[in-house]
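Novice: Sequence:
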Amino acid sequence: MRNLDTPVKQIRHKIFTEVAKVGFESKDETLIHDIEAIPYNIVEERAQYRESIYRERAVASERVRLAMGLSLRPENRAVHLTSGLEASNIDEKYYEPPLMQVIPSACAACPPNKYIVSDMCRGCVAHPCMQACPKGAISMINGKSCIDQDKCIKCGKCKAVCPYDAISHNIRPCEQACGVKAIGSDEQGRAEILDDKCVSCGMCMVSCPFGAISDKSQIFQLAHSLREGNKIIAIVAPAYISQFGEDVTPRKFKTALEILGFSDVYEVALGADIGAISEAHHYAKEVATGNLPFLLTSCCPSWSMMAKKFFPDMIDNISQELTPMVATARKVKQEHPDAKVVFVGPCASKKLEAMRTSVRSDVDFVVTFEELSAMFDAREIDPASFEGDESLHNATAAGRGYAVAGGVAGAIEACLKEYYPEVPVHIEHAETLADCKKMLTLAKAGKLKGCMIEGMACPDGCMGGAGTNVPFATSSKALKQYLKDSSKKLPEKELEEIKLD
Numbered sequence: 062m063r064n065l066d067t068p069v070k071q072i073r074h075k076i077f078t079e080v081a082k083v084g085f086e087s088k089d090e091t092l093i094h095d096i097e098a099i100p101y102n103i104v105e106e107r108a109q110y111r112e113s114i115y116r117e118r119a120v121a122s123e124r125v126r127l128a129m130g131l132s133l134r135p136e137n138r139a140v141h142l143t144s145g146l147e148a149s150n151i152d153e154k155y156y157e158p159p160l161m162q163v164i165p166s167a168c169a170a171c172p173p174n175k176y177i178v179s180d181m182c183r184g185c186v187a188h189p190c191m192q193a194c195p196k197g198a199i200s201m202i203n204g205k206s207c208i209d210q211d212k213c214i215k216c217g218k219c220k221a222v223c224p225y226d227a228i229s230h231n232i233r234p235c236e237q238a239c240g241v242k243a244i245g246s247d248e249q250g251r252a253e254i255l256d257d258k259c260v261s262c263g264m265c266m267v268s269c270p271f272g273a274i275s276d277k278s279q280i281f282q283l284a285h286s287l288r289e290g291n292k293i294i295a296i297v298a299p300a301y302i303s304q305f306g307e308d309v310t311p312r313k314f315k316t317a318l319e320i321l322g323f324s325d326v327y328e329v330a331l332g333a334d335i336g337a338i339s340e341a342h343h344y345a346k347e348v349a350t351g352n353l354p355f356l357l358t359s360c361c362p363s364w365s366m367m368a369k370k371f372f373p374d375m376i377d378n379i380s381q382e383l384t385p386m387v388a389t390a391r392k393v394k395q396e397h398p399d400a401k402v403v404f405v406g407p408c409a410s411k412k413l414e415a416m417r418t419s420v421r422s423d424v425d426f427v428v429t430f431e432e433l434s435a436m437f438d439a440r441e442i443d444p445a446s447f448e449g450d451e452s453l454h455n456a457t458a459a460g461r462g463y464a465v466a467g468g469v470a471g472a473i474e475a476c477l478k479e480y481y482p483e484v485p486v487h488i489e490h491a492e493t494l495a496d497c498k499k500m501l502t503l504a505k506a507g508k509l510k511g512c513m514i515e516g517m518a519c520p521d522g523c524m525g526g527a528g529t530n531v532p533f534a535t536s537s538k539a540l541k542q543y544l545k546d547s548s549k550k551l552p553e554k555e556l557e558e559i560k561l562d
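If you use my numbering, the sequence shown corresponds to residues 62 to 562, in order.
No lab work stands behind these hints: they were computed from the structure.
Do not take every clue at face value.
Each computed DSS-like pair below joins lysine-lysine, with the alpha-carbon atoms no more than 30 Å apart [stated by the list, open to error]:
no., residue 1, residue 2
1, 560, 550
2, 505, 369
3, 154, 508
4, 212, 154
5, 505, 258
6, 508, 370
7, 560, 292
8, 313, 550
9, 88, 70
10, 549, 499
11, 82, 70
12, 369, 394
13, 478, 370
14, 88, 75
15, 75, 313
16, 560, 478
17, 541, 554
18, 499, 218
19, 370, 510
Make the full structure from the sequences, and use the hints.
Specialist: In structure tokens form, the structure reads like this:
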């Protein structure tokens, strides 16, 4: 289980908080000074995590840029910390692509994938490692096994047969976490993200023990917009339950958002309800009749992006229904055409979905739960301290269940059984990109005909996303109770008639 209360998370929180403060409080004449002061506020007189305060401040400076939506500075020429600030100092959506970046000064250049013989080797007579190696990469030197890295094909057979567990498999944590093999190495051996493969799930970011990988943020622009008094409405992903404390009820959470400056708050589970009904209708009309061999859900942007990149012949099988985020945003814009919409959720890749131009998102900002927590701290807002007059807009247990792996498929299946009882239902789901690729491979081979296939990039689904604040074991327990307490279990069939063009 990923530990979400680590020094890396604490550093990120400090950076986000300081950048949010600048967005909320700084004036034009003090802005540059206030930004330049952040690395010194974060790293004072002693280095805590690296060999010097100078390296820590260098890393903190790059984190500040990313938190403001700016790209990292090049290493081979002088670029000021606030370079590009003019474009970023606005109260609208902004950041420069790519979304995920490796901070070179923070990367420890961990050894890439390799098998190494440790000092536990006993030099046994049987030499099972030598016998198992298909490439003859293992020899005995001074009575101990030794692996020739030029011959080794990383099959792991030597490790599997060693009776003393003396062979270790060294792999970069970021590389191990990446299900699409989008982590490479630069000329200095540091991790490098391969943009043509990356789907911005953020698992590399949360797996790096050095905090060397980070995504870009829009908290500066959002804080700026809130300070300007713009009408801004938050749409909140159903995974928000327990993310801001076990005592923070939906009523308290809504009140905290309004005190932060939001005009109103909607549940993205509303859009999920619309999506569940629409997907059920689509399945009954297209898949059950044989017009489509199978249907892929589209609500996880990293999953659908992976399908398009690695299985381009399956594009027609990806659902064209609006994702819950977009459906909710469009509903809000219908009711409040003069408002800006902020998606608040656990997901890094939703930032890319909001920026896409192929289908308008109607989302003006995206912030994660992690980033919102820092914005609360920047304004000294404690959500648990409020009572609240009203809860969020009502949604059903089916839509709220989208927060966990299997929840999307489960909601669609429940709608099919309720509203299309004559249609046979075949559901499959996968979580983590590695398992999603396996699922798509099976589908391509024709082994999942007639199936509705749900894919989630993050382990455990959205509640295991890169922008969460608490472990899945805690949040999922709270979600189960939330679903149990929901007054409505299924969305009404009439939702499929809603027009959100």
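Novice: Hint by hint, note whether the structure agrees.
Specialist: Okay, the hints, checked on the actual structure:
Distance restraint check for residue 560 and residue 550: the Cα-Cα separation of roughly 23 Å lies within the 30 Å cut-off, and the hinted pair is therefore satisfied. With a C-alpha separation of about 13 Å, the suggested pair residue 505 and residue 369 falls inside the 30 Å cut-off, and the hint holds. Proximity of residue 154 to residue 508 is assessed by CA-CA distance (about 42 Å); at most 30 Å being required, the pair is judged violated. Restraint check: the Cα-Cα separation between residue 212 and residue 154 comes to about 50 Å, which exceeds 30 Å; the hinted pair is violated.
For the suggested pair residue 505 and residue 258, the alpha carbons sit about 19 Å apart, so the restraint of at most 30 Å is met. Distance hint between residue 508 and residue 370 is fulfilled; the C-alpha atoms sit about 21 Å from each other, no more than 30 Å. Taken as a hint, the residue 560 and residue 292 pair is honoured in the structure, with Cα atoms around 24 Å apart against an allowance of 30 Å. Between the alpha carbons of residue 313 and residue 550 the distance comes to roughly 23 Å, so the proposed pair stays at or under 30 Å and holds.
Restraint check for residue 88 and residue 70: satisfied, since their Cα atoms lie roughly 28 Å apart, inside the 30 Å limit. Proximity of residue 549 to residue 499 is assessed by CA-CA distance (about 35 Å); at most 30 Å being required, the pair is judged violated. The suggested pairing of residue 82 with residue 70 holds, with an alpha-carbon distance near 18 Å, which does not exceed 30 Å. Pair hint residue 369 plus residue 394 holds up; C-alpha atoms about 29 Å apart against a cutoff of 30 Å.
A C-alpha spacing of about 33 Å is found between residue 478 and residue 370, which places the hinted pair above 30 Å, so the restraint is violated. Between residue 88 and residue 75 the CA atoms are separated by roughly 21 Å; this keeps the pair inside 30 Å, and the hint holds. Pair hint residue 75 plus residue 313 holds up; C-alpha atoms about 24 Å apart against a cutoff of 30 Å. Between residue 560 and residue 478, the direct Cα distance comes to roughly 24 Å. Compliance with the 30 Å bound is thereby established for this hinted pair.
Restraint check: the Cα-Cα separation between residue 541 and residue 554 comes to about 24 Å, which is no more than 30 Å; the hinted pair holds. Pair hint residue 499 plus residue 218 holds up; C-alpha atoms about 22 Å apart against a cutoff of 30 Å. Between residue 370 and residue 510 the CA atoms are separated by roughly 22 Å; this keeps the pair inside 30 Å, and the hint holds.
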